[in-house]
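Use the sequences and the hints to build the structure in full.
Residue numbers (our numbering): 8 to 143.
Do not rely on the hints blindly, as some may be mistaken.
Stated by the list, open to error - Simulated pairs of lysine-lysine, BS3-like, Cα-Cα distance not exceeding 30 Å:
id	residue 1	residue 2
1	Lys14	Lys35
2	Lys57	Lys89
3	Lys58	Lys139
4	Lys80	Lys138
5	Lys50	Lys80
6	Lys36	Lys80
7	Lys35	Lys122
8	Lys140	Lys35
9	Lys57	Lys138
10	Lys127	Lys89
11	Lys39	Lys122
12	Lys39	Lys138
13	Lys38	Lys138
14	Lys89	Lys14
15	Lys36	Lys14
16	Lys35	Lys50
17	Lys127	Lys138
18	Lys50	Lys39
19	Lys58	Lys127
20	Lys80	Lys140
21	Lys140	Lys127
Hints in this document: simulated from the structure, not taken from any laboratory.
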Amino acid sequence: MYNSSEKKIVLFDGVCNLCNASVQFIIKKDKKNQFLFGSLQGKFGQEQLKKYHLPATDFNSFMLLEGEQLYTKSTGALRMLKHLGSGWQLFYAFMIVPEFIRDGVYEFISENRYKWFGSKEECWLPKPELKKKFLD
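Written out as structure tokens, the structure is:
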């Protein structure tokens, strides 16, 4: 399905407008073609939630799967920016901020994302030319 040593997988809330905009941003900036994507509501996303003993209906976390390591919330987002390069890796410096503070800010945004950015009734579907970047 994918080469886990080369690709990093972003798992996201497929009905969240902010999350979908983030995925589109990553696709546009991913010059090394290193990211694949899967919605948390999809088959692959649900399998990963189960594998890592996370709630199958709680979609409030950005997740980055690198090989067999799953990073969530602010750590997942910052690691993704680190891999994105082109200056975005500078945000990785925020890793020095204690995780409870980073995740507190992350959770505040996550809890308000539907109110601020809205949501869709169904998961966003990529254009045909981008389908190969999505796991399901």
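Where does the structure disagree with the numbered hints, that is, which hint numbers, in rising order? 11
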